[in-house]
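J.: The task is simple: from the sequences and hints, build the whole structure.
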Amino acid sequence: MKYLSEFHSFGFQEAEIISFLAKHGINIGNGTALPAAAADDAFPGWKRIMALLPKLTDTEAASAFVGLDLAGPGWLSDGDHADLSRWQSVIRRAIRAGELAADETEFEQDGTPKEWSILPADLAAWCLAKNLAYPLPGGVELPATDAGLRSALASCEQERAQWKARAGALEAAGDQRASLQDEIDRLREELRTKTDEVAALVRDRDALKADSLSGKGRSTALKIIGGLARGVYGMDIHAERLERIGEMVKDLEKAGAGITEKTLRDWIKESATIIEPQRTKR
Amino acid sequence: MSVKDLLATQQAGFISLHEVLTRMTQVDGATYQEAATLLHRLLWAEDENARPRWYEYSPLYGKRVASDTAQAKAAWECLRQAAHSGLPDAWSEDEIPF
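Chains A and B are the protein sequences, given in the same order.
Note that the first sequence ends on residue 353 in our numbering; no numbers are left out.
Note that the second sequence ends on residue 1266 in our numbering; no numbers are left out.
No lab work stands behind these hints: they were computed from the structure.
Straight line, CA to CA, 16 Å or less: simulated EDC-like cross-link-like pairs of lysine to aspartate or glutamate:
# : chain 1 : residue 1 : chain 2 : residue 2
1 : A       : 185       : A       : 131
2 : B       : 1231      : A       : 151
3 : A       : 94        : B       : 1215
4 : A       : 340       : A       : 307
T.: See the structure below:
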């Protein structure tokens, strides 16, 4: 059996349970305007001093919510450390989510923010948006506009910036896609041209192959050409200089089988490779 | 820092179960029992690491996390009892003031 005294002894961290219930739509926080801050003299001295700071670090803000004087004497218990860490996590995530305005003041080696600087007015606006009691004494002057609207506006601005960045990225991707499509079209055209060229070359090669003599037929042709040059025109087909080749070219032309002198010379020279030189009579 | 300041620091941020349930009854006229039932359900449904932790406050020891199993169990018993029976009796026989 539990009695009322135990219901007074057990409880929660006020900000935690208010936030938890608010998440489920139950508002047991105080006040409707600025988050309720008790009379200044209800706060410990360190909080009254902290309230004078023009800016708070995220750790200081967390300590204010937990109610821990980090500069005070003595060691923090494991529970205090856990509370502090929990609130630091809440605050940092709120900052990253754009719910709480803050500036990075220190960075890790990899460039990630290590510490944040928060204006008391921004912290108060966030408290109001989350229905949390502002943890420090003294009135915090909010901008003339309603803090809730200001918070919502900031959220909308952030969302707009995110959509704008996304649209920019998509646009850039679209440009890149168009550029790549142009390149593909160009390469496709080039490939078509090359294919046509290859086909033409294959045709030429086949035609040349059909024209050319090879094997025994070629040997026979060479023998005929070399034999005629030697027998009819008396040429020494193995000599460096081919005598009477001009006459042979003319005769061929007259016979309707005109070829160039160079072509004829090449064939005669080649015939010399398969026709043995004549032996000189002694 | 004064003695009063240090004492206030120890209590700062603590809200009793009774205060929470009382405030919940003020939201829309729910009963103490209904408030306790709902709070029990909400806490029980939440992941253990995400739900608000139980604290114990006493004038002698100040505010402490009810990390000890027996303390947390006693806190849960308070809430369950309120869910079953509503507002508890003010005093046990041992606690009746002279």
